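Engineer: Sequence:
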Amino acid sequence: MRAVVQRVKESRVEVKERVVGEIGPGLLILLGVGQDDAEKDCDYLVNKIAHLRIFSDEKDLMNLSLLDTDGAALVVSQFTLWGDCRKGRRPSFVKAAAPEAAQRLYERFVELLKEKGIFVATGRFQEMMDVHLINDGPVTLMLDSAKAF
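Straight run, no breaks: the sequence shown in the working numbering ends on number 149.
These are computed hints drawn from the structure, not numbers from a lab. The reader is advised that the hints may include incorrect statements.
[What the hints assert, rightly or not] Listed next, the in silico DSS-like pairs over lysine-lysine satisfying Cα-Cα at most 25 Å (straight line):
hint	residue 1	residue 2
1	Lys114	Lys9
2	Lys147	Lys87
3	Lys9	Lys40
4	Lys95	Lys40
5	Lys48	Lys59
6	Lys114	Lys147
7	Lys40	Lys87
8	Lys59	Lys114
9	Lys40	Lys116
10	Lys147	Lys116
11	Lys87	Lys9
12	Lys95	Lys147
13	Lys9	Lys95
14	Lys48	Lys114
15	Lys147	Lys16
16	Lys95	Lys48
17	Lys114	Lys40
Remember, it's a predicted structure, so these values are computed and weren't measured experimentally.
Turn these sequences into a full structure, and let the hints steer you where they fit.
Structural biologist: Written out as structure tokens, the structure is:
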């Protein structure tokens, strides 16, 4: 499972020009599910993301987590995180999970974040979305449950 995590001042996602999810300060999480992913991958990434110390403390040092700041999360499904661009000019998505499996793990990821007491908004699975954000910092991190990077 892969995630691009962006610290944001605010973020929203629209489907057909209608806002379907929005947050204030917190994290925009673009989440990609791979074909070999399982619930353990959700557990790992949720714990890692919820406890990442990427928010500023009173000394302006990155020492606080999403949990420490009572920040929110906007989780957007993004199968293109599994795009392999090493060969040719068109990305290959053969390592992305099938839609049914990906949706199940995406929804489990969202559930686990909520269980930690985090306010979670979402995009819409398998929909074309417009994602708006004000990146704070900017702070953008890439995570992989298999620790590939």
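Engineer: Determine for every hint whether it applies to the structure shown.
Structural biologist: Hints, verified against the model:
Using a Cα cut-off of 25 Å, the hinted pair Lys114 and Lys9 holds, with the two alpha carbons roughly 20 Å apart. Distance restraint check for Lys147 and Lys87: the Cα-Cα separation of roughly 22 Å lies within the 25 Å cut-off, and the hinted pair is therefore satisfied. Between the alpha carbons of Lys9 and Lys40 the distance comes to roughly 30 Å, so the proposed pair goes past 25 Å and is violated. The hinted pair formed by Lys95 and Lys40 meets the criterion: a straight-line CA distance of about 18 Å does not exceed 25 Å.
Of the pairs offered as hints, the one joining Lys48 and Lys59 holds, with about 23 Å between alpha carbons and a cut-off of 25 Å not exceeded. Restraint check for Lys114 and Lys147: satisfied, since their Cα atoms lie roughly 24 Å apart, inside the 25 Å limit. Proximity of Lys40 to Lys87 is assessed by CA-CA distance (about 30 Å); at most 25 Å being required, the pair is judged violated. Taken as a hint, the Lys59 and Lys114 pair is broken in the structure, with Cα atoms around 29 Å apart against an allowance of 25 Å.
Taken as a hint, the Lys40 and Lys116 pair is honoured in the structure, with Cα atoms around 16 Å apart against an allowance of 25 Å. A hinted pair counts as satisfied when its Cα atoms are at most 25 Å apart, and Lys147 with Lys116 qualifies at roughly 23 Å. For a cut-off of 25 Å, the pair hint linking Lys87 to Lys9 is broken: about 37 Å separates their Cα positions. Only pairs whose Cα atoms come within 25 Å are accepted, and Lys95 paired with Lys147 is accepted, the gap being roughly 16 Å.
A distance of roughly 33 Å separates the Cα atoms of Lys9 and Lys95; the hinted pair therefore is violated under the 25 Å criterion. The hinted pair formed by Lys48 and Lys114 meets the criterion: a straight-line CA distance of about 14 Å does not exceed 25 Å. For the hint pairing Lys147 with Lys16, the CA-to-CA distance comes to about 35 Å; that exceeds 25 Å, so the pair is violated. At roughly 23 Å between alpha-carbon atoms, Lys95 and Lys48 fall within 25 Å of each other, so this suggested pair holds.
This hinted pair checks out: Lys114 and Lys40 have alpha carbons roughly 17 Å apart, not beyond 25 Å.
The structure does not agree with the numbered hints 3, 7, 8, 11, 13 and 15 stated previously, though it agrees with the rest.
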